[in-house]
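**Q** Guided by the hints, dock chains B and C onto chain A, whose structure is given.
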Amino acid sequence: MLNNLKEVNPLVHCMTNMVVTTYTANGLLAIGASPVMAYAKEEVEDMATAAGALLLNIGTPSVELTEAMILAGKAANKAGTPVILDPVGAGATTFRTDICHRILEEVDVSIVRGNAGEVAALVGMDGVVKGVDGSLDGDKLLVAKKLANAYTCVAVVTGEVDIITDGEKVYSVSNGHSWLTKVVGTGCLLGGVVAAFAATVKPDQYVEASAFAVSSYGVAAEKAFEQSNKGFGSFGQAFIDQLGIVTEEEVLKLRKVES
Amino acid sequence: MLNNLKEVNPLVHCMTNMVVTTYTANGLLAIGASPVMAYAKEEVEDMATAAGALLLNIGTPSVELTEAMILAGKAANKAGTPVILDPVGAGATTFRTDICHRILEEVDVSIVRGNAGEVAALVGMDGVVKGVDGSLDGDKLLVAKKLANAYTCVAVVTGEVDIITDGEKVYSVSNGHSWLTKVVGTGCLLGGVVAAFAATVKPDQYVEASAFAVSSYGVAAEKAFEQSNKGFGSFGQAFIDQLGIVTEEEVLKLRKVES
Amino acid sequence: MLNNLKEVNPLVHCMTNMVVTTYTANGLLAIGASPVMAYAKEEVEDMATAAGALLLNIGTPSVELTEAMILAGKAANKAGTPVILDPVGAGATTFRTDICHRILEEVDVSIVRGNAGEVAALVGMDGVVKGVDGSLDGDKLLVAKKLANAYTCVAVVTGEVDIITDGEKVYSVSNGHSWLTKVVGTGCLLGGVVAAFAATVKPDQYVEASAFAVSSYGVAAEKAFEQSNKGFGSFGQAFIDQLGIVTEEEVLKLRKVES
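Protein chains in written order, with the UniProt record's numbering: chain A, 1 to 259; chain B, 1 to 259; chain C, 1 to 259.
In isolation and in its complexed conformation, chain A is listed as follows (with noise of 0.2 Å):
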């Protein structure tokens, strides 16, 4: 699936936070993906038309940006554009949980990528999920399918162990290293090239290349490490760096995947 998107460089039309939107799209360039950033609601349409994928991330969330993914949403939907929604935050204030819904319910949404805490509380299961960051699998398995099965779409639950699953399959993944926590944006990143594989396969075919996303993005981070343990800041441009570097073959080789 690596091979296929580099070939087809699929353009990716990011609405995503003011934090990581270079991270974003260096992650992208060197991936294979070509991003677009598009914010006005005079474009938005326009854009996420002409896109392979629409990655909507409400990391820093306004009530007007929220219109304009809403009609970029509708566009993507329109031209068959899978549309990637990321929930920053949800579950941090009432203002993004209320925003995830609007768009959850206005647009069809093709893949959820967030922490297991975001996740449960876009399900309304915030207090049932304590330790957000992987140590509940059991917890994080059913809100993901909680989330898939309410809004018809893939659910990438990321944590020490990432889940994915569109309600019926299920995979699990164990690659990647505990420093990407310490870089910003590594979480949204993700969203970003989930968006990249999904914009080269059919809907049928999302949780896969959703479950390969998450396998080469772990496996590169593993090299990075490898390449690069002096520091964090170090470590971050090093992950850029092996996002270019790792192939298909490497991923196939080197990826934890359970299902």
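Just so you know, the hints here were simulated from the structure itself, not pulled from any lab data. Since the structure is predicted, the reported quantities are computational estimates derived from the model, not experimental observations. Treat the hints loosely; a few may be bogus.
Identical chains share a label here; the pair holds if one copy fits it or two copies do between them.
Unchecked claim - Under the rule of at most 20 Å between Cα atoms (straight-line distance), these lysine to aspartate or glutamate pairs were calculated in the DMTMM-like manner:
1) Lys41 - Glu64
2) Lys230 - Glu250
3) Lys182 - Glu7
4) Lys253 - Glu105
5) Lys253 - Glu222
6) Lys230 - Glu248
7) Lys230 - Glu42
8) Lys78 - Glu106
9) Lys145 - Glu168
10) Lys146 - Glu168
**A** Just chains B and C now, with coordinates in the frame of chain A:
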């Protein structure tokens, strides 16, 4: 204090300028804090209330953002959350100077972090301070004390030598490296680091916490230059590395503080 | 010219897109300019008047930002400050093409920096230019001259070979490295570097200053690849390093310019 910061892992709500968001977030992650960026008036009160500290940096100001900052600042005051103001470009345009004055009047600001020229502009002494970047140390102390007394806050006035004062106690710190001035966002990130330290102490320790923050920062910069003096880009990354590596013991050993 | 730039240390007022702000600022600092970002209509006139050059980059456009750019542009015109336009994505959406036309009609733009496709869109020749990124050098020269003549400006049309022309004089520059296309913001930063050089010369030298800027940029990229060819992330940082290291003498020796 650095060990304690890492243990507390404070949430720092950053309302900062769009040039430095990523670098600020990465620096805060490296040193052991949890950055969160939120700008919308609909959620800043919730976020500032939940946070351990609130950073207001006016580097790319707008009317709308100012209103949100004041909302956040008032919520922080109510919650007992320290508010750190970074008056980027005060004096460069009257728009910026006016915004800072509005914030200082409507919000109880705990700590102001700026260079001598910016702080001079805030206390109406633009004419006095000429050699903005550190040469006139006498003037720097003068404007720092004037600001601290005028707004009952800690003034952190940075330059070749950094002055930290609450109007009575005075610390001067001589750590750091001149290459910091060639990497955008290093001044702004320092505001964030001061906020992270402030989040872990009581108000009567803000001045000591600020001095320790400034020393830690300077020591990390010196270590970064030892590690990577190839160019400004590499140095900027190495500095993030070192913010994650520098220890309390190294700071205590290498800091050059006078009080 | 590079020695002179470093001596003048020009203030470059950047109104640029949110994907590339940090990289633009770091590149400008490295080469010896002083970047300042300001976007609010309340202050852009003051800032553009104080600056040595004004960069208008429409990479993440909005209606509000366009209004502020035009205010800034008119203030720059009044003050004799050169205005550099980077029409990112012109042709990709009509929103962007229209914004560029409005700016070009209301503001006296000194220099336009874009790729062949963008410039073709500005002069209504989208249909002619197909191989946007550098293959059709004949077409590139054609659209460059057409733009230069239509708006009495210098056109800097970048690609594998870069064309710089004021409609009469023509320079072509063959420096650079293909990896620049894998690091987001390198095209946009070039617009900033052209602005920095323009800030240090008289209007009748804008074409030579632009050619020197493009050559310096290309030579720095070649040196960066020699230093760091591990991956796109490292290369992007090494390029900032080299922008700070490259000397006038190296540019004069290594540039590949034809006129």
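**Q** Now tell me if each hint is right for this structure.
**A** Now for the hints, and whether the structure bears them out:
Taking CA atoms no more than 20 Å apart as the test, Lys41 paired with Glu64 passes in both settings, with 9 Å inside one copy and 12 Å between copies. For a Cα distance limit of 20 Å, the shortest separation of Lys230 from Glu250 across copies, 17 Å, qualifies, whereas the shortest one inside one copy, 24 Å, does not. Taking the shortest Cα distances, Lys182 and Glu7 sit within 20 Å of each other only across copies (15 Å), while inside one copy they are farther apart (32 Å). Taking identical chains as interchangeable, the C-alpha atoms of Lys253 and Glu105 are never at most 20 Å apart, the minima being 39 Å within one chain and 57 Å between chains.
Taking the shortest alpha-carbon separations for Lys253 and Glu222, only the intra-copy value of 13 Å comes in at or below 20 Å, while the best inter-copy value is 35 Å. Taking CA atoms no more than 20 Å apart as the test, Lys230 paired with Glu248 passes between copies only; the shortest distance there is 19 Å, against 27 Å inside one copy. In this homomeric assembly, Lys230 and Glu42 never come within 20 Å of each other (Cα to Cα): the closest approach is 45 Å inside a single copy and 40 Å across copies. Taking the shortest alpha-carbon separations for Lys78 and Glu106, only the intra-copy value of 13 Å comes in at or below 20 Å, while the best inter-copy value is 37 Å.
When the C-alpha separation of Lys145 and Glu168 is checked against a cutoff of 20 Å, the pair qualifies only within one copy, where the shortest distance is 8 Å, while the shortest distance between copies is 60 Å. In the homo-oligomer, the alpha carbons of Lys146 and Glu168 lie at most 20 Å apart inside one protomer (11 Å), although the nearest pairing across protomers, at 59 Å, exceeds that limit.
Against the hints set out earlier in the document, violations occur for numbers 4, 7.
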